[in-house]
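Asker: Going line by line, the protein sequences match chains U, Z and X.
Per numbering that gives the first Met the number 0, the very first residue in the first sequence carries number 0; after that it's consecutive.
Per numbering that gives the first Met the number 0, the very first residue in the second sequence carries number 0; after that it's consecutive.
Per numbering that gives the first Met the number 0, the very first residue in the third sequence carries number 0; after that it's consecutive.
Simulated from the structure, these hints should not be mistaken for lab results.
Fair warning: there could be bad hints in the mix.
Each pair of labels, with its calculated beta carbon distance range [what the hints assert, rightly or not]:
1) Z/S161 <-> X/T198: 26 to 34 Å
2) X/A96 <-> Z/G20: 25 to 33 Å
3) X/G105 <-> U/P79: 16 to 24 Å
4) X/L283 <-> U/A86: 18 to 26 Å
5) X/R95 <-> Z/G20: 29 to 37 Å
6) Z/P336 <-> X/Y12: 31 to 39 Å
Selected chain X positions facing chain Z (in silico; Cβ < 7 Å) [unchecked claim]:
7) D7
8) G8
9) D61
10) I185
11) E187
12) A188
13) L191
14) G193
15) A194
16) A275
A few chain X residues that don't get close to chain Z, going by computed Cβ distances all over 10 Å [said to hold, decoys possible]:
17) R5
18) F18
19) A23
20) R46
21) V84
22) A100
23) F108
24) G138
25) L178
26) P182
27) A189
28) F200
29) S207
30) T220
31) V284
Backbone N, C-alpha and C define an ideal beta-carbon position, used for all residues, glycine too.
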Amino acid sequence: MRKRALAFGFAGVLLAGCQPADERPEIVVQRFFGECGAVYGASTDVAGAETECGILTTLINRFAAENPDIRVKVNVVAWPGYPQLAAQIAAGDPPDLVTMHQSVIADYSSRGLIEPVEPLLAEANIDPAAFTPAARAGVEKEGRLYAMPWDTIGRLFHVNTALMAEAGLMREGRPVLPNSPEELLAQARQFKQRTGKPYLIQAQVSAPDFMVAFLYTYLLAQGQPIFPDARHVRLDTPEARRVVALMRQLNAEGLTTRNQDFPAATAAFTQGRGGIFPVGTWMLGPYDAEAARRSSALHGHYAVAPFPRLWGSPAPFVDGHAWVVPAASRSRAERAAMARFLGFLARYNYDWSRTGQLPAFAAVLATPEFQALPHREDIAALARTGRQLPGYVERQSAVQGLIGEELEAAITGTKPVDAALRDAERRVNRLYAQMM
Amino acid sequence: MSGLELIDVSKSYGATRVLDGVSLAIGAGEFVAFLGPSGSGKSTLLRIIAGLESLDAGEVWLGGERIDGLAPGARGIAMVFQHYALYPHMTVRENMAFGLVNAGVPKDEIARRIAQAAETLEIATQLDKKPGQMSGGQRQRVAIGRAIVKKPKLFLLDEPLSNLDAALRGRTRVELAQLRTRVDAALVMVTHDQSEAMTLADRIVVMNDRRIQQVGTPAEVYARPANAFVAGFVGSPAMAMLPARVAGHDGARVRIGLPCGADLPTAIPAAAGLEEGAPVTLGLRAEHVTLAPPATPGLPARIDLVERLGDRTYLYARLSDGSEIIAHAPGFSAVRPGEAVTLAVDAAAAHVFTADGTAHHPGPRA
Amino acid sequence: MTGAARRDGWVGYAFVGPFLLVYAAILIVPLLMGLWISLNNADLFGRREWVGLANYAQALGDPVLGQAFANTLTLTLLIVPPLTVIALLLALALNRATRLAAILRGVFFSSLVLSVTIVTLIWRFILTPDAGLVAVGLGALGRAPVPFLSDPAYVIPALAVTTLWWSLGFPIMLFLAGLQQVPHDIYEAAALDGAGRWTVFRRITLPSIRRTLLLVVMLQTAAQLQIFGQAQLLTGGGPGGASRTIVLYIFEVSFGRWELGYATAIAELLFGMILAVTLLQYWLVIRHEEQRA
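Next comes chain U alone, as it looks inside the complex (with noise of 0.2 Å):
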């Protein structure tokens, strides 16, 4: 009879501890840019956030408060996250809403593995029409448009002018930028020479893209088209051996940073150990903060420019970043909610390009705050005048990872430049041989 009784009592227990089912659409939203909940935690003051980190957190905790009718589930993953992305898809259990890069779109693209987002667009009320071109150009293949753009991230050169003054490259308050390879090395030498620093501060471990983006800012500027078609590369060529035999110069006369990851060259600039970082749009929000405060080495002396021009033309390389759509069939609640997330996305890209991205919607780019943020009129026409890969381009992290694995060799001395870029040529065109 105890024993009953008990048995009745347990269950009880357990069923009291069932909750009435969760009956609230949910989307899951997978983003790199790092974790930072230690100091955002739930906040949801967008304004004050600084960072990618921050200001995509808080915003999406702005969105989870002011739409308590949907359920967000966020995934972080670390950068750049298409391992797990396609161990997800190939799994059937993948995300709602992801962040990829531009550059990347058309691999998942042209297999159907993320849906176009007219509809979700349009049920937005987004018009395409709104996008910059190079946002626009980032995310239509095949005429269809198969995410919607966040931002173009430019190439720069951030510049510390104290430094630069004191190596005597500076001339009426702006930086003495090279127009050739020669005038590089030179200037290079004389700032080393004048300061003791290296002149160019560089992430080279664990850092393809960044070598990469080099790589191909000048190969674009010189006219070479890198991917022919969609199946080859061309980077055995003078164009390419120049640009290589360039960084190796660099490196061979310790003109920049060594050994240096990317969390390490990235504090190795606030602290003022080089002259220039060409990193990208993303750290100009964290670079100026920085400067702000009165202890930095920054301090009152932190310049932006794009990237010199130093063979052909001046042909700024941009990538970007979007939100796609991988393919699942969804609810309509669902997609509803989607639709919710990415218009309210849409109407807080200004604070998105507080970053120091540009902003994908060209309305942003004219209005007074936007121009009133530091650098920007330096780097606005990069939204314009930017180009990117051709559409057809696939493979493109696999491909950025190979050359990148060629080009260290090459840069640190490892490999002779004509074997790296030849290796590299070669596996990448193994690479799309095997492409399906």
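Knowing the structure of chain U, use the given hints to seat chains Z and X on it.
Answerer: Below, chains Z and X alone, put in the same frame as chain U:
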């Protein structure tokens, strides 16, 4: 003295004293048994001699040399362990050779000694087997062989017969006796079985309660136990201990009175502590108590238990005051438990133990 | 078989059945599926195209795989012998009943419970030339920091040291278990046989723990041939593939390049290699042991 000498050896484990001032001298070629119940300290003493335990105080000498500071392997001692401790991954030959190899004995000498020992112990055909492939008795012989080839000054045997079944025990007892004749070293055996000690040893060291109780030949220990413990431990069945009182003196001999009223004239000379009226314990061995022939005076008793061994019967009886006594009868006795009998006691063979444990034994027959 | 025996047989199978089912589903079936996929040109999302042994042919002629194979082999040789020796020495030293030994046993085991992410994070802090622990130490001695994580000559030793530090705990435990099963009296017999410490170690201890030694070496070899986390997180396989291991390459090919068929072929080759190596080790040790009586 060229044998083993222990001088005032003491050992404690933490706060527990396990050996208290033990002193002993053993002649070269003697076979001595350390006999005692568990916890008496006999195994500890053996291990101290072997060097496997350190001593806290005292000295150990062997063959005129002080050995208590030496490593076990340098003492000239060989030991046969209770569970043989053979090296399981080595063959018999390698087991026996191990100690000699370590000592740097030349190869041919090693081979010769092993062959000889194997011959003696009848394990010559087993030399290339491993211990795991042999029976218990064979393993013990290998353990003994391993000890023999080292030609030690002293053999230590740790409970050599406890692991064996009854049949094997008998055979091994014979082998150990033979071993003794073949080697000219001293042997020290530790055992809790008094019959082993009685049959094999030249002298027995009876230990109890961390001390040596008595050292003597088997005959001495049996016939003239130094105290009540030895008397009760040696001999099977155990000596019956009856509470009694000194009733008086018969000239120079003591007369003992039992609670049941009997008055026994012993052959024990009067001595201090045996005044009239002093409470004592009377010790009687079973072989000195028999069934009284009919119509002769004796002690009335009731039989509790009957053990028939074939050549004799032991009768466990109770006297009228409740004291337990053991009697014997030849052959298969017809007596049954519960019967009332009369027991005849050979009082001249009785021992008396005073309250302080001193033993008094029958004097020489007049 | 009698009815009762047959019933017992059924019951036996019923007990083992669930485990066997799960084992087959999780290990055997994927193994066979992988074999099948490796004979195809397959991508991660379901496309298949029969190519027979072409993937294997490509694997055998792939210089990047060759480099990964050499790296993995070097790492295994750099890790397994020192790991075995150090773990054995530590187990011998810690095989006591003292309080200090118990505390130290816990200390040495504790690194094992950390995940590979934490371990590589710790070692990155130690090895990075930018104000890492070693760099600061070298600086105090007046020397330049060594780029452990970016110099091709140093990356493999760096991975080896990280793995050694992480993996010590388990072999120590195995050795301790093996040592404690050695009956105490044979050490006493050896002491009486005049054996010195080195002789005891060489001729008593080592042969007694022979099977434990074999177990440790087999497990560690199989484990280190599959190093992945440390390579991916500490060096990314770089620089220039100098620290790329086979499993890292499989990961890159399958999840980075989406070439599932090729990746599976490499995985099958790795499986065959590990199987061959461990069986060889087993045979080498066991052939000397005779049957028990």
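Asker: Now tell me, hint by hint, if it's right for this structure.
Answerer: Cross-check of the supplied hints:
Evaluation of the 26 to 34 Å hint for Z/S161 and X/T198 yields a pass: the beta carbon distance comes to about 30 Å. Checked against the given bound of 25 to 33 Å, the beta carbons of X/A96 and Z/G20, roughly 29 Å apart, stay inside it. In this structure the supplied range 16 to 24 Å is violated for X/G105 paired with U/P79, their Cβ-Cβ distance being about 40 Å. The given range of 18 to 26 Å is broken by X/L283 and U/A86, whose C-beta atoms sit roughly 39 Å from each other.
At about 31 Å, the CB distance of X/R95 to Z/G20 agrees with the hint of 29 to 37 Å. Take Z/P336 and X/Y12: their Cβ atoms lie about 57 Å apart, and the range 31 to 39 Å is violated. The beta carbon of X/D7 comes no nearer than 31 Å to any beta carbon in chain Z, farther than 7 Å, and the hint placing it at the interface is violated. At its closest, the beta carbon of X/G8 sits 32 Å from a beta carbon of chain Z; the interface hint therefore is violated under the 7 Å criterion.
Look at X/D61: its Cβ only gets to about 46 Å from chain Z, farther than 7 Å, so that hint breaks. Below 7 Å, beta-carbon pairs count as interface contacts, and X/I185 has one with chain Z at about 5 Å; its hint therefore holds. With a cut of 7 Å, the hint placing X/E187 at the interface with chain Z holds, because the nearest CB-to-CB distance is about 5 Å. Given hint, X/A188 at the interface with chain Z, holds; its Cβ is 4 Å from that chain's nearest Cβ, closer than 7 Å.
The interface hint given for X/L191 holds, since its Cβ lies 5 Å from the closest Cβ of chain Z, which is under the 7 Å cut-off. The closest approach between the C-beta of X/G193 and any C-beta of chain Z is roughly 3 Å, which is under the 7 Å cut-off, so the hint is satisfied. For X/A194, the shortest C-beta to C-beta distance to chain Z is roughly 5 Å, which falls under 7 Å, so the interface hint holds. Restraint check, X/A275 versus chain Z: the minimum CB separation of about 28 Å is more than 7 Å; hint violated.
For X/R5, the shortest C-beta to C-beta distance to chain Z comes to about 36 Å, beyond the 10 Å cut-off, and the non-interface label holds. Against chain Z, the non-interface label of X/F18 holds: every CB pair exceeds 10 Å, the least being about 33 Å. Taking the minimum C-beta to C-beta distance to chain Z, about 37 Å, the non-interface status of X/A23 holds against the 10 Å cut. Consistency note on X/R46: stated as away from chain Z, and its beta-carbon is indeed over 10 Å from all of that chain's, at 58 Å minimum.
Listed as outside the interface, X/V84 is consistent with that label: its C-beta sits roughly 21 Å from the nearest C-beta of chain Z, beyond the 10 Å cut-off. Annotated as non-interface, X/A100 keeps its C-beta farther than 10 Å from every C-beta of chain Z; the closest such distance is 19 Å. A cut-off of 10 Å between C-beta atoms confirms that X/F108 is not in contact with chain Z; the least separation is 29 Å. With a least CB separation of 50 Å from chain Z, X/G138 remains clear of the 10 Å interface cut-off, as annotated.
Residue placement check: X/L178 keeps its beta carbon more than 10 Å from all beta carbons of chain Z (closest about 15 Å). For X/P182, the condition that its CB be more than 10 Å from all CB atoms of chain Z is violated, with the nearest at approximately 7 Å. Against the 10 Å criterion, X/A189 falls within the reach of chain Z, whose nearest CB is about 7 Å from its own CB. Residue placement check: X/F200 keeps its beta carbon more than 10 Å from all beta carbons of chain Z (closest about 13 Å).
Distance to chain Z contradicts X/S207 as a non-interface residue, since its nearest Cβ pair spans about 7 Å, not more than 10 Å. Taking the minimum C-beta to C-beta distance to chain Z, about 24 Å, the non-interface status of X/T220 holds against the 10 Å cut. In this structure X/V284 is separated from chain Z by more than 10 Å, as the shortest Cβ-Cβ distance comes to about 12 Å.
Against the hints set out earlier in the document, violations occur for numbers 3, 4, 6, 7, 8, 9, 16, 26, 27 and 29.
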